[in-house]
Amino acid sequence: MTISTAPVQVGAEIPPAEPPAGRNRLFAWLIVVAGVVYFLLPLVTTGYWSLRAVKDTLGFEAYRRVFADPAFVESFSESVVNAIAAIILSLLIIVPTAYWVTLRLPRLRPVVEFITLLPFVIPAVVLVFGLIRMYGRPPLLLTRTYDSSRVLLVCAYAALSFPYMYRSVDNGLRAMDVRTLTEAAQSLGASWVTILRKVIFPNLRVALLSGALLTFAIVIGELTVALFLAQHTFGPFMANLTRSKVYEPAAMALVAFAITWAAMGLIAFLTRPRQKVAR
Amino acid sequence: MGGAQSKRRLGPPRTRLFSWLGVLPFFLFSAAFLIGPAVILFYRSLEDPEGGFTLQFWGQLTSDTVMRAYGISVRLSLTTALLGGVFGFLLAWAVSLGALPRAVRSALTTFSGVASNFAGVPLAAAFIFTLGRVGAITALFELLGVDLYRSGFSLYSFWGLVLVYLYFQFPLMVLVMLPGLDGLKREWREAAENLGATPRQYWRKVALPVLMPSILGTMILLFGNAFGAHATAYALTGGLLPLATLLIGQQISGDVLNNPGLGYAVAVGMVMIMAIAIGIYSVLQRRSERWLG
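Protein chains in written order, with my numbering: chain U, 45 to 323; chain B, 22 to 314.
Be aware that one or more of the hints could be misleading.
[As the list claims (entries may be wrong)] Derived list of chain U stretches under chain B, where covered just means 3 residues or more per stretch with a C-beta under 8 Å from a C-beta of chain B:
hint: 1; stretch: 88-95
hint: 2; stretch: 105-118
hint: 3; stretch: 159-173
hint: 4; stretch: 214-225
hint: 5; stretch: 253-265
hint: 6; stretch: 274-285
[Unchecked claim] Part of the chain B face toward chain U, derived, beta carbon under 7 Å:
hint: 7; residue: Ser-51
hint: 8; residue: Gly-57
hint: 9; residue: Ala-59
hint: 10; residue: Phe-63
hint: 11; residue: Leu-118
hint: 12; residue: Thr-258
hint: 13; residue: Leu-261
hint: 14; residue: Asn-280
hint: 15; residue: Pro-281
hint: 16; residue: Gly-282
hint: 17; residue: Gly-290
hint: 18; residue: Met-291
hint: 19; residue: Met-293
These aren't lab readings, by the way, just hints derived from the structure by calculation.
All C-beta atoms in this analysis are idealised placements derived from N, C-alpha and C, irrespective of residue type, glycine included.
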């Protein structure tokens, strides 16, 4: 899988450096303009192509065709369900683990951190290779039916989300006083389940949401694992479309870009630096 | 009631078992869906067809097909790590300078977050529409009398892939370097200036040495990022360019190497290279935190 990072707003309180010399400023602008051109050019040309489905006019015909395609609706909704399932699975595993490690087993932290980084070390194509070899033969045989392969896919996605989910949750836990909150809840007679559900989860809301959104952005159009597990999800659908159609893939690519953009924008909004002074 | 409550106490865990129970699902799940699959591949790469132990498949990694695939993958990853690293650093430097409007900075940060996650099919498609055989820029060059594809360029070649990979490579560099550049303390510059250093001397003797572990480490991260990428290359070339990840993909669908054992060894070799890259990255990142943390 590709390594990705959520945009983090850093250094909002850092005072700007003293105004740099004119030559530096010019050079800085040049670099930024070059970057913006390289960033935007593929998007602009793709946008242009996506509007040209009807000869000699610009219009949204390609988008209409994509959204009306039953294969799109099916594959996309299947991917959404897979993504949500993977997010829930990942949350259920990571949140108690991160909480436990912070509170009771700090000695385990390096081990847990190491394991959550493994998806960076094991590329998706190798992971799915291993999964197929591990579960594709008796006694497990999880790759025999479409649905059991789908279970495998969701588990793989949950595993691939570990680096983002763990880091996000861990940052969230560091930002609050887990020990005091837990002690306070316990002295009021709360059970472990109640503490997790009513104290820890609500305080982690932003962290959990960022982790979930990042996972969603990565998983929704994922190709490699889905391809080799023969799943009819959004990623393979886009790959087929790119090979078989002319204008629709352009519309599709922009839709996928908009989804990623929405997820990242939401994360940036959720994690924006808060004003400390009351207004 | 009271007894039950006093059992739920913090501090030293009452029973070892209970405190391990909380992390058990994590370890079981990781073993089943992360570590297990990798270990299986490793085990199979050392097993001969009769079930005995063999190193022959590891020896066969030096065969032409495999070396070619690894070679192109390494070259592609090095090239995009270097270009993406240099340009990403310059871009991060440009916005950290403070000469540009604040809006540029936050727009760039968000955009980098999007672009570093924008890999796979849509990215490949976007570049096909731009620089493919009938892409808009290709057409533009044709209007100017230059036939890009006649003059040796192809999006489906090594350099084409470099251009596409850079789209997710240098935003990642920007995202990792920006906090580092912000971590440069004002006092350092002031101290250097008070001692009579020119801006150039400040960068060469103070800022760059402090940033160097982070720069190198992030470039190695970029290397791993490109080395393990499969979807973008698959969507773009469909397997024309023999990258290591594409070779593994083909080996999954059918035994293209005519040698399953070798296929396992190729996959495990890939994991080892990634492990070295990520290992160096985390060591360097930890070192740079000493100054910039």
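- Item | Contradicted hints - numbers only | 2, 4, 10, 12, 13, 14, 15, 16, 17, 19
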